[in-house]
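K.L.:
Whenever a hint applies, use it, and build me the whole structure from the sequences.
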Amino acid sequence: MERWLGRHGERLFALFRFVAGVLFAFHGAQKLFGAFGGQVMTSNPLMLAAGIIELAGGLMIAIGLLTSWAAFIASGQMAVAYFTVHQPQGTWPIVNKGELAALYCFAFLFVAARGPGSYSVDALIRGRR
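For the sequence shown, the working numbering gives the first residue as 706, with consecutive numbering after it.
Hint data in this document are derived by calculation from the structure and do not stem from the laboratory. Just so you know, these numbers come straight off a predicted model, no measurement behind them. Each residue gets a CB set at the ideal place from its N, CA and C atoms; glycine is no exception. Keep in mind that a hint or two might mislead.
Stated by the list, open to error - Here are the simulated distance ranges between beta carbons:
1) Arg-819 <-> Gln-744: 33 to 43 angstroms
2) Ala-828 <-> Val-727: 12 to 22 angstroms
3) Ile-799 <-> Phe-741: 17 to 27 angstroms
4) Gln-744 <-> Arg-716: 35 to 45 angstroms
5) Pro-798 <-> Trp-774: 42 to 52 angstroms
6) Met-752 <-> Trp-709: 41 to 51 angstroms
7) Lys-802 <-> Pro-750: 15 to 25 angstroms
8) Gln-794 <-> Ser-748: 20 to 30 angstroms
9) Gly-832 <-> Phe-788: 31 to 41 angstroms
10) Gly-832 <-> Gln-792: 37 to 47 angstroms
11) Gly-820 <-> Glu-707: 17 to 27 angstroms
P.N.:
What follows is the structure in structure tokens.
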């Protein structure tokens, strides 16, 4: 399997980064605009900040712009969300419904450490220098 999929690693990473970023941005759109069946939460300063990080950060991760910084901030936001919202409801993510926050946290930490990859705006900018 590695021989077959391994040669597509860069494209698959770009797809992973794009899908994770767009899905994360949807959460921001829910909080900021009430889109996708969500509720506007801009009256709460923490939810406003979360919505901005999710929408802007998710889109930046998706297209690969300032990717490591955006992913690192998004990872931190998800860690804060997990420990402030989910963890008080129970120790384990399966119990406290924090699986998505934990998964986003570690997925974005991976993206921050790996960098944007070849298929990104960051790579285009680097190529022009």
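K.L.:
If a hint holds in the structure, say so; if it does not, say that too.
P.N.:
Against the structure, the hints:
Checking the proposed 33 to 43 angstroms range against Arg-819 and Gln-744 shows it holds: the Cβ atoms sit about 34 angstroms from each other. Checked against the hint of 12 to 22 angstroms, the C-beta distance between Ala-828 and Val-727 comes to roughly 19 angstroms, which is consistent with it. A beta carbon spacing of about 25 angstroms between Ile-799 and Phe-741 agrees with the range 17 to 27 angstroms that was offered as a hint. Gln-744 and Arg-716 have their C-beta atoms about 37 angstroms apart, which keeps the hinted 35 to 45 angstroms range intact.
Between Pro-798 and Trp-774 the Cβ separation comes to about 26 angstroms, which falls outside the hinted range of 42 to 52 angstroms. Checked against the hint of 41 to 51 angstroms, the C-beta distance between Met-752 and Trp-709 comes to roughly 44 angstroms, which is consistent with it. Against the hinted window of 15 to 25 angstroms, the Cβ-Cβ separation of Lys-802 and Pro-750 comes to about 23 angstroms, which satisfies the hint. The beta-carbon spacing between Gln-794 and Ser-748, approximately 23 angstroms, falls within the hinted interval of 20 to 30 angstroms.
Separation of Gly-832 from Phe-788 is about 39 angstroms and conforms to the stated range, judged on CB atoms against 31 to 41 angstroms. About 43 angstroms separates the C-beta atoms of Gly-832 and Gln-792, a value consistent with the hinted range of 37 to 47 angstroms. A C-beta distance of roughly 21 angstroms is found between Gly-820 and Glu-707, which places it inside the suggested range of 17 to 27 angstroms.
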